[in-house]
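Undergrad: The chain contents come next:
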Amino acid sequence: MRTSCKRPLLLTFFCLGLLLLLVAGGCSTAKNSAKKEIILATTTSTQDSGLLDVLIPAFEKKYGYKVKVIAVGSGQAIAMGAKGRADVLLTHAPAAEKKELVDKGLVKDYRQVMYNDFLLVGPPEDPAGVRGEKVLTALKKIAAGHFLFLSRGDDSGTHKKELELWQKAGIKPGGAWYQETGTGMGQTLDIALEKKGYTLTDRATFLTFVRNRKEKMIVVAEKDPELLNYYHVAAVNPDKFPAVNYRGAKAFVDFLTGEEGQKMIAAFGQKEFGQSLFIPAAK
Amino acid sequence: MAEILNGILLALEKIFSLDRELLNVSLLTCKVSGAATLISVVLGLPLGFVLSLTDFPGKRFVISTVNMGMGLPPVVVGLVVSLFLWRDGPLGFLELIYTPAAMILAQAIIATPLVAAFTLAALQQVRERYSLQIAALGATPWQEFWLLVREARRGILAAIIAGFGAVVSEVGASMMVGGNIKGETRVLTTAIVMEVSRGRFADAIALSLVLLFLLFAAVFLLTWLQQGGEREL
Numbered sequence: 001m002r003t004s005c006k007r008p009l010l011l012t013f014f015c016l017g018l019l020l021l022l023v024a025g026g027c028s029t030a031k032n033s034a035k036k037e038i039i040l041a042t043t044t045s046t047q048d049s050g051l052l053d054v055l056i057p058a059f060e061k062k063y064g065y066k067v068k069v070i071a072v073g074s075g076q077a078i079a080m081g082a083k084g085r086a087d088v089l090l091t092h093a094p095a096a097e098k099k100e101l102v103d104k105g106l107v108k109d110y111r112q113v114m115y116n117d118f119l120l121v122g123p124p125e126d127p128a129g130v131r132g133e134k135v136l137t138a139l140k141k142i143a144a145g146h147f148l149f150l151s152r153g154d155d156s157g158t159h160k161k162e163l164e165l166w167q168k169a170g171i172k173p174g175g176a177w178y179q180e181t182g183t184g185m186g187q188t189l190d191i192a193l194e195k196k197g198y199t200l201t202d203r204a205t206f207l208t209f210v211r212n213r214k215e216k217m218i219v220v221a222e223k224d225p226e227l228l229n230y231y232h233v234a235a236v237n238p239d240k241f242p243a244v245n246y247r248g249a250k251a252f253v254d255f256l257t258g259e260e261g262q263k264m265i266a267a268f269g270q271k272e273f274g275q276s277l278f279i280p281a282a283k
Numbered sequence: 001m002a003e004i005l006n007g008i009l010l011a012l013e014k015i016f017s018l019d020r021e022l023l024n025v026s027l028l029t030c031k032v033s034g035a036a037t038l039i040s041v042v043l044g045l046p047l048g049f050v051l052s053l054t055d056f057p058g059k060r061f062v063i064s065t066v067n068m069g070m071g072l073p074p075v076v077v078g079l080v081v082s083l084f085l086w087r088d089g090p091l092g093f094l095e096l097i098y099t100p101a102a103m104i105l106a107q108a109i110i111a112t113p114l115v116a117a118f119t120l121a122a123l124q125q126v127r128e129r130y131s132l133q134i135a136a137l138g139a140t141p142w143q144e145f146w147l148l149v150r151e152a153r154r155g156i157l158a159a160i161i162a163g164f165g166a167v168v169s170e171v172g173a174s175m176m177v178g179g180n181i182k183g184e185t186r187v188l189t190t191a192i193v194m195e196v197s198r199g200r201f202a203d204a205i206a207l208s209l210v211l212l213f214l215l216f217a218a219v220f221l222l223t224w225l226q227q228g229g230e231r232e233l
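Protein chains in written order, with our numbering: chain A, 1 to 283; chain B, 1 to 233.
What the hints contain is simulated information worked out from the structure, not anything from laboratory work.
Since this is a predicted model, take the numbers as computed values, not measurements.
Don't take every hint at face value.
Computed Cβ-Cβ distance ranges for the label pairs, DEER-style [claimed, not checked]:
hint : chain 1 : residue 1 : chain 2 : residue 2 : range
1    : B       : Asn24     : A       : Glu222    : 35 to 43 angstroms
2    : A       : Ile218    : B       : Leu83     : 25 to 33 angstroms
3    : A       : Gly258    : B       : Ala217    : 23 to 31 angstroms
4    : B       : Trp224    : A       : Ala58     : 47 to 55 angstroms
5    : B       : Val62     : A       : Tyr110    : 29 to 37 angstroms
6    : B       : Glu21     : A       : Gly105    : 36 to 44 angstroms
7    : A       : Lys216    : B       : Glu13     : 23 to 31 angstroms
8    : B       : Asn24     : A       : Gly170    : 27 to 35 angstroms
9    : A       : Gly132    : B       : Leu212    : 40 to 48 angstroms
10   : B       : Leu79     : A       : Lys240    : 21 to 29 angstroms
11   : B       : Trp224    : A       : Val219    : 26 to 34 angstroms
12   : B       : Leu212    : A       : Asp126    : 49 to 57 angstroms
13   : A       : Lys195    : B       : Leu9      : 42 to 50 angstroms
DSSO-like, lysine-lysine: derived pairs with alpha carbons at most 27 angstroms apart [unchecked claim]:
hint : chain 1 : residue 1 : chain 2 : residue 2
14   : A       : Lys99     : A       : Lys271
15   : A       : Lys223    : A       : Lys172
16   : B       : Lys182    : A       : Lys36
17   : A       : Lys61     : B       : Lys182
18   : A       : Lys172    : A       : Lys134
19   : A       : Lys83     : A       : Lys36
20   : A       : Lys61     : A       : Lys36
21   : B       : Lys182    : A       : Lys62
22   : B       : Lys182    : A       : Lys66
23   : A       : Lys62     : A       : Lys223
24   : A       : Lys263    : B       : Lys14
25   : B       : Lys59     : A       : Lys271
26   : A       : Lys250    : B       : Lys182
27   : A       : Lys172    : A       : Lys98
28   : A       : Lys223    : A       : Lys263
29   : A       : Lys223    : A       : Lys61
30   : A       : Lys223    : A       : Lys134
31   : B       : Lys182    : A       : Lys83
32   : A       : Lys271    : B       : Lys14
33   : A       : Lys134    : A       : Lys66
34   : A       : Lys250    : A       : Lys99
Glycine is no exception: its CB is placed at the ideal position from the N, C-alpha and C atoms.
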């Protein structure tokens, strides 16, 4: 009787043991390709828009590297680069990139890849009456009337851009009308939609959002030179961080700024949205 | 409401057409959380045994620590494991960050105190109830041990259920140490977070349904073993 009673425990161990074997098999295959891997730290917008789903497989096929995409805010991506925790960066916060990476010699091959533009978006009712205004005027009106504004508040490229715009508008945002979500772009748009607030977003994420949600949010300000959003790629400097896979990183920089990568960027979004989500601008 | 219904319909379609991506993510979830649970059982059960069946100075303190570990916040575990595994961290040379192994490690750290604490509680209870009887029957220490474990088996299986349930539904640590890399470290919970941020709610619902099903299947299996064992008595 004693053996029959212990059986459930033993059976459980057996099942778990089988699982471990499965995992061990999976891990050993992953180890073999370790040298051919690069870690890409990038912004959520490149992943959420689906751009990387197109670029990464093409790069992997051409160069034989496996790319591990870590999609975080630009702030975190820059920090990962500054500590050598990634091999290559694709971010959109030029001022911070220059100050924290380029000037300190922490990255090499710092190249401009593309741009898209930011949009100021809001509820269709447009309570602040700012549709069609220049972005700085619109922000001033929103602040003056204390209309709800949702900020990313996560140190991302979009957040940095937003703070820069407030500064240019001469406003120190704060108070009940100015709320920080602390989340990614898609989720911040969700919150803005539900709470009927205004927010700053990149075009790619917004177009994807509107298509997926099939709900109305309107563009309040766009195509303003103040709203351009530049993406740069950079390889983390192997002289500072010996663990960096520089060859792989350099290959990725070359791919994005090269003819093939630029063409793919230009084509991305044409079929689905009838417009390019990112404009290639390799420099 | 229409969105929820549409989401569920699309989700069912994805599940029944055995969507490849969905399958990969589900399989990896089973592997990672299964392995983490196994490790937590290997470490947590003996710890629970020792803590419940022996007496030593400072035992209360150790038990308090284990009990506190039950509430260990996954994001804190994720952060600490990341700090150790990042290239500039003390274990960076192992190149484990952003791999399934790193996720297993973090999840095992989350589950081990759970397994140990539940085991401890179950054994302590039966020990109080039966140890005098067992001693009176003249059992050797090993016999006593097996008798107590046998009596506490339902509690021990509950410990394993709790451990698995905690890690399979955990997202903070997996996101941080795994990085949600497609085809490699993307598990159900991190994929749900990502799909929501992309605004693809149908995909998120599909993943959620699979996660709930998986949790139910695992718990059902363990519960079946647990209750089946009882009937044989």
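Undergrad: Decide, hint by hint, whether the structure agrees.
TA: The hints, checked one at a time:
| no. | hint | verdict |
| --- | --- | --- |
| 1 | Asn24/B to Glu222/A: 35 to 43 angstroms | 38 angstroms, holds |
| 2 | Ile218/A to Leu83/B: 25 to 33 angstroms | 44 angstroms, violated |
| 3 | Gly258/A to Ala217/B: 23 to 31 angstroms | 48 angstroms, violated |
| 4 | Trp224/B to Ala58/A: 47 to 55 angstroms | 48 angstroms, holds |
| 5 | Val62/B to Tyr110/A: 29 to 37 angstroms | 52 angstroms, violated |
| 6 | Glu21/B to Gly105/A: 36 to 44 angstroms | 40 angstroms, holds |
| 7 | Lys216/A to Glu13/B: 23 to 31 angstroms | 27 angstroms, holds |
| 8 | Asn24/B to Gly170/A: 27 to 35 angstroms | 51 angstroms, violated |
| 9 | Gly132/A to Leu212/B: 40 to 48 angstroms | 46 angstroms, holds |
| 10 | Leu79/B to Lys240/A: 21 to 29 angstroms | 24 angstroms, holds |
| 11 | Trp224/B to Val219/A: 26 to 34 angstroms | 56 angstroms, violated |
| 12 | Leu212/B to Asp126/A: 49 to 57 angstroms | 40 angstroms, violated |
| 13 | Lys195/A to Leu9/B: 42 to 50 angstroms | 28 angstroms, violated |
| 14 | Lys99/A to Lys271/A | 38 angstroms, violated |
| 15 | Lys223/A to Lys172/A | 24 angstroms, holds |
| 16 | Lys182/B to Lys36/A | 16 angstroms, holds |
| 17 | Lys61/A to Lys182/B | 16 angstroms, holds |
| 18 | Lys172/A to Lys134/A | 19 angstroms, holds |
| 19 | Lys83/A to Lys36/A | 21 angstroms, holds |
| 20 | Lys61/A to Lys36/A | 12 angstroms, holds |
| 21 | Lys182/B to Lys62/A | 19 angstroms, holds |
| 22 | Lys182/B to Lys66/A | 11 angstroms, holds |
| 23 | Lys62/A to Lys223/A | 35 angstroms, violated |
| 24 | Lys263/A to Lys14/B | 32 angstroms, violated |
| 25 | Lys59/B to Lys271/A | 66 angstroms, violated |
| 26 | Lys250/A to Lys182/B | 22 angstroms, holds |
| 27 | Lys172/A to Lys98/A | 24 angstroms, holds |
| 28 | Lys223/A to Lys263/A | 23 angstroms, holds |
| 29 | Lys223/A to Lys61/A | 36 angstroms, violated |
| 30 | Lys223/A to Lys134/A | 9 angstroms, holds |
| 31 | Lys182/B to Lys83/A | 24 angstroms, holds |
| 32 | Lys271/A to Lys14/B | 24 angstroms, holds |
| 33 | Lys134/A to Lys66/A | 43 angstroms, violated |
| 34 | Lys250/A to Lys99/A | 21 angstroms, holds |
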